[in-house]
Amino acid sequence: MHKTKILLAGLSLLALTSAASAVDVRISGWGGAEVALVNGLITDVLAEDLKAADINVVYEPVDGDFSQFITNALSAGTAPDLFYTDIFWSRAAFGTGKVEPTTADTSPFAPNLIDAFTYDGKVMALPKDFNTLALQYNKDIFDDAGVAYPTDDETWATLQDKLVAIHAKLPDVNGLCVVPDYARFAAFALGSGWEPFNAEGKTVLDGNFKRAFAWYTGLVPAGAAVAAADVGEGWTGGCFTKELTAVAVEGAWIIGGIRDGAPNLNWGTARIPKDPESGQAGNLIFTVGWTVNADSAVKDAAQKVAELLTSEKAQQWVLEQGLALPSRSALVDNPWLQGDTPEQTVNRVVFAGLSDGNVEPFFFGDLGGAWMEPINTALNSVLTGEADVDTALAAAQAKFDGMAAQKQ
Amino acid sequence: MNQRQRDHVVGYLFVLPFLISLGTFFLYAAVRTLIFSFTDYNLFNTPAFIGLSNYVAMLRDSMFTLALSNTLAFSLIVTVSQTILALLLAVMVNGVIKARGFWRTVFYLPSIMSSAAMTLIFLWLFQRQGLMTELVQFVVNARWYIAAFLAIFLAIQLALVFNARRRYDGVSLADPVFATVALGGAIVATYLLRLGALLPVYDEQFLISWLNTQARVLFLPQTLWSVALMNVFTTVPTLMLLFLAGLQSIPVALYEAAELDGAGRVRQFLYVTVPSLTPVTFAVVTLGIIGTLQMFDQVAILGDAAPLQSRITLAFYIYANAFPEGAASRIGMSSAAAILLGVLTLIIVYLQRALGISDKVDR
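These protein sequence lines map, in sequence, to chains A and B.
Each step along the first sequence adds one to the number in the working numbering, with nothing skipped, and position 400 is 409.
Each step along the second sequence adds one to the number in the working numbering, with nothing skipped, and position 129 is 121.
Isolated chain A (complex conformation) (with noise of 0.2 Å):
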């Protein structure tokens, strides 16, 4: 009896002393999916790595805004000590002052997200994973309508052509959800060979943007598409789920809706069609990376936690579990990545995406979101029929030029 009591105080001693000895290192993400790949992350994948290191990771996922969120924490100085940052925001967060560069090789990263979240040519993220955009098509719908499926080699043009095939053929269901939103338009502006900016910094709607405007607003007189706003959606995705279109401009991230929506559906993905001037294809990054926090008691181990949760194994996992694409390009060979299911398809198209003709990371400098408004004001001007092209266009330009004056 007295004996067990010694061994019980000696083992909870230890207990305590290993336990004092930890790190504790707070990481914030948002809700939603994420939080379950998290979680399988510290818990699961790297339980063992961050015990060796002697890390206790407190996972403290946020939802709602979480740009919001950050930026308060961080003026509050209540900022976790690891947190995600979105390419979008990412300009905001890095002009903080708050935010610690990487201290880890970013070599085996994929060059493209590495610039993407270089800051005062310092790395401040290491991204976490990240997706393009890409065709989806419904094959039961090419079949019925007898249309091939699309291509990797498709154009503006030949696309379109088989989407009027699709809807003459099957009146009931569209080509294509067109939203006026440059996070979808992109991927063909950016295929037209015009640059967001100039080389003056300025945003100039030429004749290459004009050309790609009108192509994709002209979808929908053209009887190849449909706005998504007139079938009662929202996005692209909830189009092709509902299959009330054939194909869709989505990233990996379809795959959810597809799995909640329409977990039967039969689907394919080709790479996003090419201008037939340019012949280029354009493409957006999206990306998401895990930051450190200046102002954190305790930046070596966080450091340390980045790179843990974007290792090769923790990244090898995530990407089995088909949540994410990996952010290392050694990955890009992964045997998982070389199947046949639409999962599998999706994901090396979009992982094919990143070396895209005119790929642009998601974020516009210090103008962020504003940046975007007057184009997707002019696409949803001629969508809903309210304006023509020209005069929606001159409408957008006098915006930039505006913004480019409040600026100076």
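No lab work stands behind these hints: they were computed from the structure.
One thing to keep in mind: the hints can contain errors.
Claimed, not checked - Footprint (simulated), chain A over chain B, 3 or more residues, beta carbon under 8 Å:
#1 120 to 129
#2 207 to 217
Said to hold, decoys possible - One side of the interface only, derived from the structure: several residues of chain A facing chain B at Cβ under 8 Å:
#3 F97
#4 G106
#5 P110
#6 D239
A virtual CB, placed ideally from N, CA and C, is assigned to each residue, including glycine.
On the provided structure of chain A, position chain B as indicated by the hints.
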């Protein structure tokens, strides 16, 4: 300490909790906002004094002038229409009618919903192919039947009311119980007309952009007209309750005296009810002005469902500067706009008093 001093201390103790919260969350916050409005501040730098630059930049910002005009127009339209509707509803519910409790509850229902939930429901109703569009299509296509329905309804209602008035006093023209009977009668009669296919039905298909449009109607974007409709729908019931309380405090003797002087129901309403309700009207109009000038949640929830320029209000402008999407906070600009909104609210409430809607009964 004598009794008087002790009373003083106790008095202060009672108001202390309120003073603390007022001091912290209003006075301190307001003073800081005022200071920030003269600085260049993004939450992370040291605020640098830049004088009136934020105000100048704001006045030059076309989005700000748009937000200001949208806010003023929205406030005017919603305040006027919700006050008039609330008063009419209150008088109706207050009248000599059957099942008053039931109607009061029915009319109050829209107010118990959260505005977030209400906005989502309206978003769905206002889709281009949504229920509102279908409703308009229905009205257009079935116009002959609707006209017939209304005519039958009116005929039955008037017949019932005038019949009842031969026996009772004060039967309202809009008596809800008779209206229910008339409604039933009109539905049956119209259905019979339809069965016999006696009137033409059209088949016109069209889409209406209720929210997602840059069109302007009069001096307000069409989107904000839709939001105004939703706003009136949700706030009228609460204001109706205020008017109802006011109505019940008007002495019956006043109406009796007016009746002896030969005043009809309309004159009684205009010369007894409306003047006696001035303090309530003041409260209702003031609440309306403040609520509409600061309207934010409904346009925020609209989000990408409508173009920014069609939905921006001053309160949203303040928010959009404090937390711009994907860009650094502009707290200085945001504070300047907030100060301006505060001053504007004070001026308008003052103007309203100066223009005759006061908090005193003028008999």
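Going through the hints against the structure:
| no. | hint | result |
| --- | --- | --- |
| 1 | 120 to 129 | holds (count 3) |
| 2 | 207 to 217 | violated (count 1) |
| 3 | F97 | holds, 5 Å |
| 4 | G106 | holds, 6 Å |
| 5 | P110 | violated, 17 Å |
| 6 | D239 | holds, 5 Å |
Checked against the numbered hints above, the structure violates hints 2 and 5; every other hint is satisfied.
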